[in-house]
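**Student:** Since chain P is already given, all that's left is putting chain L on it; use the hints.
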Amino acid sequence: MNKENQNPADARLGALLRASRPSPSLPPRFPESVWRRIEDAAAPVKPESWLDALAMLVLRPRFTFATVAVLVLAGAFLGAYHGTQAARQDAQAQYLAAVAPAALR
Amino acid sequence: MNRSLVIVLGALAFGAALFCGSYAAGQRLCRVCVAQPAGSLDWVRREFHLNNAEMARIQTLHENYLSQCAAMCRIVTAKKQEVAAVLGNTTNVNPVAEQKLAELAACRARCQSRMLQYFVEVSGVMPPAEGRRYLAQMQNFTLGLQEGNAQSTLEPAGHEHHQP
Numbered sequence: 001m002n003k004e005n006q007n008p009a010d011a012r013l014g015a016l017l018r019a020s021r022p023s024p025s026l027p028p029r030f031p032e033s034v035w036r037r038i039e040d041a042a043a044p045v046k047p048e049s050w051l052d053a054l055a056m057l058v059l060r061p062r063f064t065f066a067t068v069a070v071l072v073l074a075g076a077f078l079g080a081y082h083g084t085q086a087a088r089q090d091a092q093a094q095y096l097a098a099v100a101p102a103a104l105r
Numbered sequence: 106m107n108r109s110l111v112i113v114l115g116a117l118a119f120g121a122a123l124f125c126g127s128y129a130a131g132q133r134l135c136r137v138c139v140a141q142p143a144g145s146l147d148w149v150r151r152e153f154h155l156n157n158a159e160m161a162r163i164q165t166l167h168e169n170y171l172s173q174c175a176a177m178c179r180i181v182t183a184k185k186q187e188v189a190a191v192l193g194n195t196t197n198v199n200p201v202a203e204q205k206l207a208e209l210a211a212c213r214a215r216c217q218s219r220m221l222q223y224f225v226e227v228s229g230v231m232p233p234a235e236g237r238r239y240l241a242q243m244q245n246f247t248l249g250l251q252e253g254n255a256q257s258t259l260e261p262a263g264h265e266h267h268q269p
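For the record, the sequence lines run as chains P and L.
First residue of the first sequence? That's 1 in the numbering used here, and the numbers climb one at a time after it.
First residue of the second sequence? That's 106 in the numbering used here, and the numbers climb one at a time after it.
Worth flagging that the hints you see were computed from the coordinates, not collected in a lab.
Check each hint, because a few of them may be wrong.
Said to hold, decoys possible - Residues from chain L shown here face chain P by an in silico Cβ test under 10 Å; the list is partial:
#1 108
#2 112
#3 113
#4 121
#5 204
#6 207
Said to hold, decoys possible - Covered stretches of chain P (chain L as the covering partner; in silico rule of three or more C-beta atoms under 8 Å from a C-beta of chain L):
#7 48 to 54
#8 70 to 78
#9 87 to 96
Backbone N, C-alpha and C fix where the C-beta goes; we use that ideal spot for every residue, glycine too.
So that you can see chain P by itself, here it is in the shape it has in the complex (with noise of 0.2 Å):
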C-alpha cells in the first residue's frame, strides 16, 4: 500500500471519480456466457464428413512428414531392388549375347 490511498482526501476524490463514471449494467448470465465461448473455442473442430476428417488428418505436419518419409523409402528401395535386378538381367543377357552372337540365331 502506498501512502497516497491512505490519504482520506484521495480517498474522496476516487469515490467520486467512480460515481461519475457509471458502469454499464451486464446482460444476465454474463460470466456464464463468457465460460462457455471460451470452452467452446478450446474444443477440437468436429469433422462433418469422413472427407473433411481425412483432409484434417492431411494437412497434420507430423501425418504430412511421416508420409512422405515413407513414400520417398519405400519408392527408393523398390526402384533399387527392381534396378539391380534390371542391371543382373542386363549383365546375363550381355554374356549371352557374347558367346551366341546374332549370326548364330
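**Tutor:** Showing chain L alone in chain P's frame:
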C-alpha cells in the same frame, strides 16, 4: 469444388508423384551403379560365386572360344548369303538351294556343338554345384536358341561379338 476434396486429391497426387519419382531415381541409380562393361565376365563371377583363379581360367577359355566363334560366325554369315543368292533367283526350292540350306544347318550345328562344349568346359572350372547350375542355365539357353532359329534366320545377319 469442396475444399476437403481438393486437399485429399492434391495429397494423393503429390504422394503418387513422390513415390514414382523415388522409384525412378532408385532404379536408375542402381542400374547405373551395378551395370558392367560390355564383354565383361563379371556376371559369371557374381552369379556363380567364383574366385580369381577360377575366373582366370574361365577368361582364357572364354577368349579361346570367342576367337573360334567369330570364325564360325563368318562362315555362317557367308552360307546365309549363299542361300539368299540361290533362293533369290528362283520361286521354288531347287536341289542347289536344299544343299545350301543343309550346309547352313550343318554350320549352325557345329557352332552350337562348340558352344555347348565351351559351356561344359567353363562349368568344369566352377565348384561342382555352381557348375551344374551354370550348365543347366546355358543348356536351356542353347535349346531356346534352337527353337528360335526359324524366326531369327529372317533377320539380317550381323556379328555381335563383344571382345573383352
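**Student:** For each hint, tell me whether it holds in the structure or not.
**Tutor:** Hint by hint, here is what the structure shows:
Look at residue 108(L): its Cβ gets to within about 7 Å of chain P, closer than 10 Å, so that hint holds up. Hint status for residue 112(L) relative to chain P: holds, with the closest Cβ pair at about 4 Å, below 10 Å. Of the supplied interface hints, the one on residue 113(L) holds, with its beta-carbon coming within about 5 Å of a beta-carbon of chain P, less than 10 Å. The beta carbon of residue 121(L) is positioned within 10 Å of a beta carbon in chain P (closest approach about 9 Å), and the interface hint is therefore held.
Restraint check, residue 204(L) versus chain P: the minimum CB separation of about 20 Å is more than 10 Å; hint violated. The restraint placing residue 207(L) at the interface with chain P is violated, with a minimum CB-CB distance near 17 Å, outside the 10 Å limit. Interface restraint, the stretch 48 to 54 of chain P with chain L: holds (4 residues with C-beta to C-beta distance below 8 Å; minimum three). By the rule of at least three residues with a Cβ nearer than 8 Å to a Cβ of chain L, the coverage given for the stretch 70 to 78 of chain P holds, with 8 such residues.
For the stretch 87 to 96 of chain P, the stated coverage by chain L is satisfied: 8 residues place a CB nearer than 8 Å to a CB of that chain, which reaches the threshold of 3.
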